[in-house]
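J.: Sequence:
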Amino acid sequence: MSGAKTARFVSKYVQDLNNVKRGKLAFSPITAEWRPPDQGICKINFDTAVDLKMQKSCSGLIVRNWKGETLVTKTTTYENILTGFAAEAAACLQAVVLGLQGVVIKGDSLTVIKKVQNKNKDKSVLNAYIQDIQFHEIRFHFVRREANGKAHDLASKALRMVGSTYLTHNPVVVGVTEAEVDRGWG
1 MSGAKTARFV
11 SKYVQDLNNV
21 KRGKLAFSPI
31 TAEWRPPDQG
41 ICKINFDTAV
51 DLKMQKSCSG
61 LIVRNWKGET
71 LVTKTTTYEN
81 ILTGFAAEAA
91 ACLQAVVLGL
101 QGVVIKGDSL
111 TVIKKVQNKN
121 KDKSVLNAYI
131 QDIQFHEIRF
141 HFVRREANGK
151 AHDLASKALR
161 MVGSTYLTHN
171 PVVVGVTEAE
181 VDRGWG
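Sequential numbering of the sequence shown, starting at 1, is according to our numbering.
Calculated from the structure, these hints are not laboratory results.
Any given hint might turn out to be false.
Said to hold, decoys possible - Using 30 angstroms as the maximum straight-line C-alpha spacing, the simulated DSSO-like pairs for lysine-lysine come out as follows:
id, residue 1, residue 2
1, K56, K121
2, K53, K157
3, K5, K56
4, K157, K56
Model, not experiment: these values are computed from the prediction.
With the hints as extra help, turn the sequences into a complete structure.
T.: Rendered as C-alpha coordinates:
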(Lines of atoms letter the chains of each structure in order from A; the text may use other names.)
(Lines give C-alpha, C1' and ligand atoms only; values in the text may rest on other atoms or scores of the structure.)
Protein backbone atom coordinates (compact mmCIF):
# COMPACT_ATOMS: atom_id res chain seq x y z
CA MET A 1 0.00 0.00 0.00
CA SER A 2 1.42 3.38 -0.94
CA GLY A 3 1.93 6.18 1.57
CA ALA A 4 -0.93 8.20 0.08
CA LYS A 5 -3.34 5.23 0.30
CA THR A 6 -2.30 4.58 3.88
CA ALA A 7 -2.85 8.24 4.78
CA ARG A 8 -6.35 8.20 3.18
CA PHE A 9 -7.21 4.98 5.02
CA VAL A 10 -6.07 6.35 8.39
CA SER A 11 -7.86 9.66 7.79
CA LYS A 12 -11.12 7.87 6.91
CA TYR A 13 -10.73 5.58 9.92
CA VAL A 14 -10.24 8.54 12.30
CA GLN A 15 -13.24 10.29 10.74
CA ASP A 16 -15.37 7.16 11.27
CA LEU A 17 -14.23 6.94 14.91
CA ASN A 18 -15.16 10.58 15.48
CA ASN A 19 -18.58 9.98 13.92
CA VAL A 20 -19.12 7.03 16.26
CA LYS A 21 -18.27 9.21 19.26
CA ARG A 22 -20.79 11.83 18.08
CA GLY A 23 -23.44 9.18 17.46
CA LYS A 24 -23.36 9.77 13.72
CA LEU A 25 -22.89 6.34 12.26
CA ALA A 26 -22.65 6.27 8.53
CA PHE A 27 -25.06 3.58 7.43
CA SER A 28 -25.82 2.69 3.89
CA PRO A 29 -28.09 -0.32 3.61
CA ILE A 30 -27.01 -3.00 1.20
CA THR A 31 -29.73 -3.79 -1.24
CA ALA A 32 -29.55 -6.83 -3.41
CA GLU A 33 -31.87 -7.62 -6.23
CA TRP A 34 -31.90 -10.05 -9.09
CA ARG A 35 -30.08 -8.94 -12.20
CA PRO A 36 -30.43 -10.85 -15.45
CA PRO A 37 -27.45 -12.62 -16.97
CA ASP A 38 -26.18 -11.81 -20.44
CA GLN A 39 -28.41 -12.75 -23.37
CA GLY A 40 -28.34 -16.47 -24.08
CA ILE A 41 -27.19 -17.32 -20.55
CA CYS A 42 -29.27 -18.82 -17.73
CA LYS A 43 -28.84 -18.04 -14.05
CA ILE A 44 -29.34 -20.69 -11.39
CA ASN A 45 -29.84 -19.55 -7.81
CA PHE A 46 -29.49 -22.23 -5.15
CA ASP A 47 -29.87 -22.33 -1.40
CA THR A 48 -30.62 -24.79 1.37
CA ALA A 49 -32.52 -25.15 4.58
CA VAL A 50 -31.53 -27.52 7.39
CA ASP A 51 -33.86 -28.84 10.08
CA LEU A 52 -31.80 -30.62 12.74
CA LYS A 53 -34.91 -31.54 14.72
CA MET A 54 -36.38 -33.41 11.74
CA GLN A 55 -32.91 -34.67 10.71
CA LYS A 56 -33.13 -33.49 7.11
CA SER A 57 -32.12 -30.72 4.76
CA CYS A 58 -33.50 -29.48 1.46
CA SER A 59 -32.10 -27.60 -1.48
CA GLY A 60 -34.01 -25.21 -3.70
CA LEU A 61 -32.98 -24.25 -7.23
CA ILE A 62 -34.51 -21.64 -9.48
CA VAL A 63 -33.40 -21.31 -13.11
CA ARG A 64 -34.18 -18.12 -15.02
CA ASN A 65 -33.16 -16.92 -18.45
CA TRP A 66 -31.85 -13.50 -19.46
CA LYS A 67 -35.46 -12.29 -19.85
CA GLY A 68 -36.19 -13.13 -16.22
CA GLU A 69 -38.49 -16.01 -17.11
CA THR A 70 -38.55 -18.95 -14.69
CA LEU A 71 -37.53 -22.05 -16.63
CA VAL A 72 -37.06 -24.66 -13.91
CA THR A 73 -37.52 -25.02 -10.18
CA LYS A 74 -36.26 -28.00 -8.27
CA THR A 75 -36.21 -29.08 -4.64
CA THR A 76 -34.27 -32.02 -3.27
CA THR A 77 -34.64 -33.48 0.21
CA TYR A 78 -31.62 -35.02 1.94
CA GLU A 79 -32.08 -37.31 4.93
CA ASN A 80 -28.35 -37.68 5.58
CA ILE A 81 -26.91 -34.19 5.06
CA LEU A 82 -27.23 -32.15 8.22
CA THR A 83 -24.52 -29.49 8.01
CA GLY A 84 -25.04 -26.21 6.23
CA PHE A 85 -21.78 -26.46 4.26
CA ALA A 86 -22.48 -29.98 2.99
CA ALA A 87 -26.09 -29.08 2.14
CA GLU A 88 -24.92 -26.00 0.18
CA ALA A 89 -22.36 -28.10 -1.72
CA ALA A 90 -25.02 -30.72 -2.50
CA ALA A 91 -27.36 -27.97 -3.74
CA CYS A 92 -24.61 -26.56 -5.95
CA LEU A 93 -24.05 -30.06 -7.35
CA GLN A 94 -27.80 -30.33 -8.05
CA ALA A 95 -27.52 -27.12 -10.09
CA VAL A 96 -24.71 -28.66 -12.13
CA VAL A 97 -26.58 -31.96 -12.56
CA LEU A 98 -29.35 -30.09 -14.39
CA GLY A 99 -26.95 -30.27 -17.34
CA LEU A 100 -27.59 -26.81 -18.73
CA GLN A 101 -24.96 -25.24 -20.98
CA GLY A 102 -23.95 -21.60 -20.60
CA VAL A 103 -25.10 -20.89 -17.07
CA VAL A 104 -24.11 -18.76 -14.11
CA ILE A 105 -24.66 -20.48 -10.76
CA LYS A 106 -25.16 -18.27 -7.71
CA GLY A 107 -25.38 -19.18 -4.07
CA ASP A 108 -24.93 -17.44 -0.74
CA SER A 109 -22.31 -19.82 0.70
CA LEU A 110 -19.03 -18.03 0.08
CA THR A 111 -17.09 -21.11 1.26
CA VAL A 112 -18.72 -23.40 -1.31
CA ILE A 113 -18.37 -20.87 -4.14
CA LYS A 114 -14.67 -20.36 -3.38
CA LYS A 115 -14.07 -24.11 -3.25
CA VAL A 116 -15.71 -24.78 -6.63
CA GLN A 117 -13.80 -21.89 -8.19
CA ASN A 118 -10.49 -23.25 -6.86
CA LYS A 119 -8.87 -25.79 -9.18
CA ASN A 120 -6.80 -27.37 -6.38
CA LYS A 121 -8.00 -30.59 -4.76
CA ASP A 122 -10.27 -29.84 -1.83
CA LYS A 123 -9.34 -31.59 1.41
CA SER A 124 -12.49 -30.80 3.37
CA VAL A 125 -15.60 -32.82 4.07
CA LEU A 126 -17.02 -31.23 0.89
CA ASN A 127 -14.46 -32.97 -1.33
CA ALA A 128 -16.88 -35.51 -2.85
CA TYR A 129 -19.27 -32.76 -3.92
CA ILE A 130 -16.58 -30.38 -5.12
CA GLN A 131 -14.96 -33.07 -7.28
CA ASP A 132 -18.29 -33.74 -8.99
CA ILE A 133 -18.79 -30.05 -9.78
CA GLN A 134 -16.69 -29.98 -12.94
CA PHE A 135 -18.51 -28.45 -15.88
CA HIS A 136 -17.81 -26.35 -18.97
CA GLU A 137 -19.32 -22.92 -19.52
CA ILE A 138 -20.37 -22.49 -15.88
CA ARG A 139 -19.45 -19.49 -13.80
CA PHE A 140 -19.92 -19.71 -10.06
CA HIS A 141 -20.61 -16.51 -8.14
CA PHE A 142 -21.26 -15.65 -4.54
CA VAL A 143 -24.44 -13.67 -3.98
CA ARG A 144 -25.60 -12.02 -0.76
CA ARG A 145 -28.23 -13.87 1.21
CA GLU A 146 -30.71 -11.04 0.56
CA ALA A 147 -30.43 -11.64 -3.18
CA ASN A 148 -30.88 -15.39 -2.78
CA GLY A 149 -34.10 -15.27 -0.78
CA LYS A 150 -36.42 -17.08 -3.16
CA ALA A 151 -34.10 -20.08 -3.49
CA HIS A 152 -33.93 -20.21 0.32
CA ASP A 153 -37.73 -19.88 0.59
CA LEU A 154 -38.11 -22.76 -1.86
CA ALA A 155 -35.71 -24.93 0.16
CA SER A 156 -37.40 -24.00 3.46
CA LYS A 157 -40.86 -24.84 2.15
CA ALA A 158 -39.54 -28.13 0.77
CA LEU A 159 -38.54 -29.14 4.31
CA ARG A 160 -42.26 -29.46 5.06
CA MET A 161 -42.92 -31.57 1.95
CA VAL A 162 -42.32 -35.25 1.32
CA GLY A 163 -39.83 -36.06 -1.43
CA SER A 164 -38.31 -33.84 -4.07
CA THR A 165 -39.82 -31.76 -6.85
CA TYR A 166 -38.75 -30.84 -10.35
CA LEU A 167 -40.96 -28.42 -12.25
CA THR A 168 -40.33 -26.81 -15.61
CA HIS A 169 -41.90 -23.67 -17.08
CA ASN A 170 -43.98 -23.11 -13.96
CA PRO A 171 -44.05 -19.53 -12.68
CA VAL A 172 -45.85 -20.36 -9.43
CA VAL A 173 -43.93 -22.92 -7.42
CA VAL A 174 -44.21 -23.64 -3.70
CA GLY A 175 -45.38 -20.12 -2.92
CA VAL A 176 -42.90 -18.34 -5.20
CA THR A 177 -45.07 -16.18 -7.43
CA GLU A 178 -44.30 -14.30 -10.64
CA ALA A 179 -45.00 -11.06 -8.77
CA GLU A 180 -42.32 -11.93 -6.21
CA VAL A 181 -39.92 -12.84 -8.98
CA ASP A 182 -40.58 -9.52 -10.73
CA ARG A 183 -39.89 -7.54 -7.54
CA GLY A 184 -36.36 -8.85 -7.66
CA TRP A 185 -34.39 -11.68 -6.20
CA GLY A 186 -30.85 -13.06 -6.57
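J.: Find the hints from earlier in the document that the structure breaks and name them by number, from lowest to highest.
T.: 3
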